[in-house]
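Protein chains: 2
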Amino acid sequence: MYPDVVRDERFGKITAEDIEYFRSVLAPGSVLTAAEEDLSGYNIDSMRKYHGQSQLVLKPRSTEEVSLIMKRCHARKLAVVPQGGNTGLVGGSVPVFDEIVISMSLMSKVRSFDEVSGILVADAGCVLESTDQYLAERGYIFPLDLGAKGSCHIGGNVATNAGGLRLLRYGSLHGTVLGIEAVMPDGTIFDSLGKLRKDNTGYDIKQLFIGSEGTLGVITGISIFCPRRSKVVNVAFFGLESYEKVQQAFVKAKGELSEILSAFEFMDTASQEQVARFSELRRPLDEAHNFYVLVETSGSNRVHDEEKLQTYLEGLMESDIIADGVLAQDETQVKNLWTWREGIPESLGKSGGVYKYDVSIPLDELYQLVEDTRVRIQEFGHDIGTEGSNVVNVVGYGHLGDGNLHLNVAVKQYDKQIEYILEPWVYEWIEKRHGSVSAEHGLGFAKKPYLKYSKDQRVIELMRQVKKVYDPNGIMNPYKYI
Amino acid sequence: MYPDVVRDERFGKITAEDIEYFRSVLAPGSVLTAAEEDLSGYNIDSMRKYHGQSQLVLKPRSTEEVSLIMKRCHARKLAVVPQGGNTGLVGGSVPVFDEIVISMSLMSKVRSFDEVSGILVADAGCVLESTDQYLAERGYIFPLDLGAKGSCHIGGNVATNAGGLRLLRYGSLHGTVLGIEAVMPDGTIFDSLGKLRKDNTGYDIKQLFIGSEGTLGVITGISIFCPRRSKVVNVAFFGLESYEKVQQAFVKAKGELSEILSAFEFMDTASQEQVARFSELRRPLDEAHNFYVLVETSGSNRVHDEEKLQTYLEGLMESDIIADGVLAQDETQVKNLWTWREGIPESLGKSGGVYKYDVSIPLDELYQLVEDTRVRIQEFGHDIGTEGSNVVNVVGYGHLGDGNLHLNVAVKQYDKQIEYILEPWVYEWIEKRHGSVSAEHGLGFAKKPYLKYSKDQRVIELMRQVKKVYDPNGIMNPYKYI
Numbered sequence: 001m002y003p004d005v006v007r008d009e010r011f012g013k014i015t016a017e018d019i020e021y022f023r024s025v026l027a028p029g030s031v032l033t034a035a036e037e038d039l040s041g042y043n044i045d046s047m048r049k050y051h052g053q054s055q056l057v058l059k060p061r062s063t064e065e066v067s068l069i070m071k072r073c074h075a076r077k078l079a080v081v082p083q084g085g086n087t088g089l090v091g092g093s094v095p096v097f098d099e100i101v102i103s104m105s106l107m108s109k110v111r112s113f114d115e116v117s118g119i120l121v122a123d124a125g126c127v128l129e130s131t132d133q134y135l136a137e138r139g140y141i142f143p144l145d146l147g148a149k150g151s152c153h154i155g156g157n158v159a160t161n162a163g164g165l166r167l168l169r170y171g172s173l174h175g176t177v178l179g180i181e182a183v184m185p186d187g188t189i190f191d192s193l194g195k196l197r198k199d200n201t202g203y204d205i206k207q208l209f210i211g212s213e214g215t216l217g218v219i220t221g222i223s224i225f226c227p228r229r230s231k232v233v234n235v236a237f238f239g240l241e242s243y244e245k246v247q248q249a250f251v252k253a254k255g256e257l258s259e260i261l262s263a264f265e266f267m268d269t270a271s272q273e274q275v276a277r278f279s280e281l282r283r284p285l286d287e288a289h290n291f292y293v294l295v296e297t298s299g300s301n302r303v304h305d306e307e308k309l310q311t312y313l314e315g316l317m318e319s320d321i322i323a324d325g326v327l328a329q330d331e332t333q334v335k336n337l338w339t340w341r342e343g344i345p346e347s348l349g350k351s352g353g354v355y356k357y358d359v360s361i362p363l364d365e366l367y368q369l370v371e372d373t374r375v376r377i378q379e380f381g382h383d384i385g386t387e388g389s390n391v392v393n394v395v396g397y398g399h400l401g402d403g404n405l406h407l408n409v410a411v412k413q414y415d416k417q418i419e420y421i422l423e424p425w426v427y428e429w430i431e432k433r434h435g436s437v438s439a440e441h442g443l444g445f446a447k448k449p450y451l452k453y454s455k456d457q458r459v460i461e462l463m464r465q466v467k468k469v470y471d472p473n474g475i476m477n478p479y480k481y482i
Numbered sequence: 001m002y003p004d005v006v007r008d009e010r011f012g013k014i015t016a017e018d019i020e021y022f023r024s025v026l027a028p029g030s031v032l033t034a035a036e037e038d039l040s041g042y043n044i045d046s047m048r049k050y051h052g053q054s055q056l057v058l059k060p061r062s063t064e065e066v067s068l069i070m071k072r073c074h075a076r077k078l079a080v081v082p083q084g085g086n087t088g089l090v091g092g093s094v095p096v097f098d099e100i101v102i103s104m105s106l107m108s109k110v111r112s113f114d115e116v117s118g119i120l121v122a123d124a125g126c127v128l129e130s131t132d133q134y135l136a137e138r139g140y141i142f143p144l145d146l147g148a149k150g151s152c153h154i155g156g157n158v159a160t161n162a163g164g165l166r167l168l169r170y171g172s173l174h175g176t177v178l179g180i181e182a183v184m185p186d187g188t189i190f191d192s193l194g195k196l197r198k199d200n201t202g203y204d205i206k207q208l209f210i211g212s213e214g215t216l217g218v219i220t221g222i223s224i225f226c227p228r229r230s231k232v233v234n235v236a237f238f239g240l241e242s243y244e245k246v247q248q249a250f251v252k253a254k255g256e257l258s259e260i261l262s263a264f265e266f267m268d269t270a271s272q273e274q275v276a277r278f279s280e281l282r283r284p285l286d287e288a289h290n291f292y293v294l295v296e297t298s299g300s301n302r303v304h305d306e307e308k309l310q311t312y313l314e315g316l317m318e319s320d321i322i323a324d325g326v327l328a329q330d331e332t333q334v335k336n337l338w339t340w341r342e343g344i345p346e347s348l349g350k351s352g353g354v355y356k357y358d359v360s361i362p363l364d365e366l367y368q369l370v371e372d373t374r375v376r377i378q379e380f381g382h383d384i385g386t387e388g389s390n391v392v393n394v395v396g397y398g399h400l401g402d403g404n405l406h407l408n409v410a411v412k413q414y415d416k417q418i419e420y421i422l423e424p425w426v427y428e429w430i431e432k433r434h435g436s437v438s439a440e441h442g443l444g445f446a447k448k449p450y451l452k453y454s455k456d457q458r459v460i461e462l463m464r465q466v467k468k469v470y471d472p473n474g475i476m477n478p479y480k481y482i
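Residue numbers (full-length UniProt numbering), protein chains in the order written: chain G, 1 to 482; chain E, 1 to 482.
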């Protein structure tokens, strides 16, 4: 599968005794072998891009069971891959060779929820959507939301430091996760499952697990601060003529909508034409504009929120920042307006293939990357969107509030020549602006070569030193970015 | 000064050549020796509790100068103490023996501020209050506020993971700090001064510096996400009859004031009587209550905010959660109401000495510690507040929204017997509830023996491993908690 990667010969190979041991310490049905079952659901990721060859899947039901598994793996130098909902986009949650898959799917209980403080303690294998549902029934919200919520695990979200749609309002997991319980590579339990918003007693080691992508230990439980769920959600959608005006609208939104602002998404005109091509919905605005913005507010008082949003839009009109705009009148309209943002990836995929870049760039230069990419593609002799050209569209959109751009290049078919035009040029462009080559998706197996574009050599060294002391045998999720 | 602590003989002693070297690489006036100047301001903390014996203070003006200093110290195994505003409460920022003090006071420039994203990049030595003033002029706010703001440095705030008054609203520094630049013990520069809200490219090493208290490297610059400054601030103050009702009022505040809630401070009746004893202000409420709460809101629309707060207070009255309450009518009243919370430490100090515990405890048991402390003191034969007794008062107050209790035991004079009644009993009490023995102040030199009450042994081991690989000679702020 991967001609350039070689199995690490330090790792042991699974024996009949190992399997017998795992059967002796785990509940019936928790040890799945390739001889008896089809393990492809664990070996292949949800995009079907990465294929591992694991012969053994273990499904522990408790932290103690994970500890027993890791003690054996430590003694026998057996490599492992912790796996949550397996919805990652960078091949981080599937094996490369014969690593044992530790599936967290049977550890899915809420351990406690404090309705006064809003602090939730739950198993790593809880599905994001059902956890959020549990909280909704109690008037609270999980401070993270993303497309894969129906399958992804909250432990996996923490392991990959997922960003998603609510970051603008509730901040990153580095701020909201209060505690982590994990099993270390040697089977010892890292118990830092605090339920405290303030705790200044030494290095905050649990932070290293947030974004570690399974390379330091198996996260078995998390403690997280959940805010109250907003009672009212409003959405506005408007057109603007320049990226400058998009930024002006954002500054005004932060000033006037401030505490109720919950999303500020921008889309360029190319992305909206692409959605329109495949959508049966009428476009929200009559005329075409160079840019579009979707603003969402979430608050506790309908009258107040609508008044703020109305005043904001009127102010934008008066100062000529926006050319036209609409306000959703009911939940259906809210959903329809979101389609013009959320439908972009699907509409792009209908052309054939898509080269996707999920990057962070300082706001003032964010859209420049899209324009430079168009120029570069044309300089190499490719038209964009003409009948004879392989390049169908180059679009930019994303979470402006987070400085997170999605640059997508849609092609009729994948073509190494187009790839060579784009890479590593895109990463070098980002490096010059001190941006990030992976804003939300992580590095996993796919982006291993690109770490150097976002992290200084000394920082990478410090990362490697941590990996080496915490996982001296390197058995935790090997062959990945570290 | 410290009979139980011995100077580490691995460390070099400063020679004339060292001083000559430092003079050759630093600007004139940046090398202060005990032979020529009085260094007590650098050797003694602001409470005058801890006294070091440093013979040399260095005041670098750039990250490169800090790097040159540390390269020399690395080669010569000279121990150092990074020092910000020297306002810490646990003796972390002063030397113990002859460590070199690296004062950051001359590195105090704002490097950049992006008025669109709200991201500030600044030298570590910027004073918190002047930095906040710089932001105020641009409509933004530093997401941290605390009593020592006139002297403390933002680099020191990050190094100690300061909590303070705005945490309830803006979250902890682990979420708001986006980047750190630091000089490692060997003089290499850790450059992770990103200006990105999202960056998922490997372990977030900079998080280790947040709360490291100068034991991993010298923080020279930070990048931080600053929210828009609220236009309107309102304050309400009310009386309640039980701690249960305080919690109920808090839950309702999160539901109804939600996005504009910026402080929820509680005080017990003993603390208010103490303030009244020394204050010339009229008490805000006519009658006495068992508990008092100060609620602050910060928002963008005066009419909306006042309506929300009014509705909230009426609801509390109707459901008999509060017995009485007032709303500040102007800025003077806002300030006066805050006096009843902020004046507590000073009024307690007027009795003689104060045993102070700054702790985090899960909310439901938070006030129980105060009651149990009173019982324990009485069980050991001490009356509280009677004429003949040394124990003047036992009070509880704090940031309820953060689960942060200040337990203060005021005495006429410090007495080892009282101390033995309280310690380690208080810490053991907290350990049983998985609380934190230091919510905001850190550990430094003072709380070194108490780490074990808040951190699991395995977690302490992982902390030590990081310390050992990043600072193999142990020259960074030695003799402190790690």
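Just so you know, the hints here were simulated from the structure itself, not pulled from any lab data.
Possibly wrong hints are sitting among the right ones.
When chains are identical, the list treats them as one kind, so a pair holds in a single copy or across two.
Unchecked claim - For lysine to aspartate or glutamate, the following EDC-like pairs were computed, each having C-alpha atoms within a straight-line distance of at most 20 Å:
(1) 231 x 306
(2) 231 x 307
(3) 231 x 330
(4) 356 x 431
(5) 432 x 191
(6) 13 x 273
(7) 252 x 114
How the hints compare with the structure:
no., hint, in the structure
1, 231 x 306, "both (13 Å within a copy, 19 Å between copies)"
2, 231 x 307, "both (16 Å within a copy, 17 Å between copies)"
3, 231 x 330, "within (14 Å within a copy, 30 Å between copies)"
4, 356 x 431, "within (17 Å within a copy, 49 Å between copies)"
5, 432 x 191, "between (40 Å within a copy, 14 Å between copies)"
6, 13 x 273, "neither (53 Å within a copy, 71 Å between copies)"
7, 252 x 114, "between (36 Å within a copy, 14 Å between copies)"
Checked against the numbered hints above, the structure breaks only hint 6 and satisfies the rest.
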